[in-house]
Amino acid sequence: MTTGALLLPQRGSAYWDRVATDGWYRYPLTSEELLHFERHFPDHRGRTVIDAGCGTGDFTRHLYAQGFDVTGIDWSPASITQARRSVRCPLPYLVHDLGAGDPPGLVPRSVDLVVCRQTVSLLDDPAELLYRIRTSWLKPGGHLYLSEIRVPDQKRTVRGGMTDQQLARLGNRWARKVRYDLDEQPTTCVILRSPAA
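Sequential numbering from 1 applies to the sequence shown in UniProt numbering.
One or more hints might be untrue.
Distance ranges between label pairs, derived from CB positions [claimed, not checked]:
1) Pro140 <-> Pro42: 18 to 26 angstroms
2) Arg45 <-> Val87: 14 to 22 angstroms
3) Thr30 <-> Lys177: 21 to 29 angstroms
4) Thr135 <-> Ala168: 19 to 27 angstroms
5) Ala175 <-> Arg39: 31 to 39 angstroms
6) Pro28 <-> Tyr180: 16 to 24 angstroms
7) Gly105 <-> Pro140: 27 to 35 angstroms
8) Ser31 <-> Pro104: 34 to 42 angstroms
9) Asp181 <-> Ser110: 17 to 25 angstroms
10) Ser31 <-> Ala196: 17 to 25 angstroms
11) Gly105 <-> Gln185: 16 to 24 angstroms
12) Thr30 <-> Ala100: 30 to 38 angstroms
13) Val87 <-> Asp125: 14 to 22 angstroms
14) Ala65 <-> Asp153: 18 to 26 angstroms
By construction, these hints were calculated from the structure, which means they are not laboratory data.
Heads up, the beta-carbon is just placed ideally off N, CA and C, and yes, glycines get one too.
Taking the hints into account, I'd like the entire structure generated from these sequences.
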């Protein structure tokens, strides 16, 4: 695995393994986030989803319980190990560095929805991942759901977060963009739809 995907290259997968073990980098699911998500994605039975940057799999398990056909991907082996232990059903989890190209075995343009919760801001080149998701991962008309902590320009750190200016640029070259803020935490959610054809 490469270690160049994070803002600080010295923080490789071993760093994130320690984070997974310590549990400090968790952004819990809130009722407000789930309510908004359900409003935007009410028809989910059998839809194919990738939870990119799934961590220990909290949202992956929620998606599965809602009827999505979901795969969790994270570059931390410790996070994936915890995710596999936390589930009573055999959900597919994959260790993969999102900054190193498409996941192995991904059938091009086969995914209905990609979820990235508190993930994109940790990459050196978020635009490159979003481009690959739009052009290689998603079916025509598929969606990308992002949630990121909103931070002022001067407070952007390795722990993530995006400024309003960065969040505003996320929708370039997508067919549709919906953005909303959550009240329970300083989080902005962005839903992007890929072009239909």
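For each hint, the structure was consulted:
| no. | hint | result |
| --- | --- | --- |
| 1 | Pro140 <-> Pro42: 18 to 26 angstroms | holds (20 angstroms) |
| 2 | Arg45 <-> Val87: 14 to 22 angstroms | holds (19 angstroms) |
| 3 | Thr30 <-> Lys177: 21 to 29 angstroms | holds (22 angstroms) |
| 4 | Thr135 <-> Ala168: 19 to 27 angstroms | holds (21 angstroms) |
| 5 | Ala175 <-> Arg39: 31 to 39 angstroms | violated (19 angstroms) |
| 6 | Pro28 <-> Tyr180: 16 to 24 angstroms | holds (19 angstroms) |
| 7 | Gly105 <-> Pro140: 27 to 35 angstroms | violated (21 angstroms) |
| 8 | Ser31 <-> Pro104: 34 to 42 angstroms | holds (36 angstroms) |
| 9 | Asp181 <-> Ser110: 17 to 25 angstroms | violated (32 angstroms) |
| 10 | Ser31 <-> Ala196: 17 to 25 angstroms | violated (32 angstroms) |
| 11 | Gly105 <-> Gln185: 16 to 24 angstroms | violated (34 angstroms) |
| 12 | Thr30 <-> Ala100: 30 to 38 angstroms | holds (31 angstroms) |
| 13 | Val87 <-> Asp125: 14 to 22 angstroms | violated (31 angstroms) |
| 14 | Ala65 <-> Asp153: 18 to 26 angstroms | violated (38 angstroms) |
Going through the hint list in order, the structure does not satisfy hints 5, 7, 9, 10, 11, 13 and 14.
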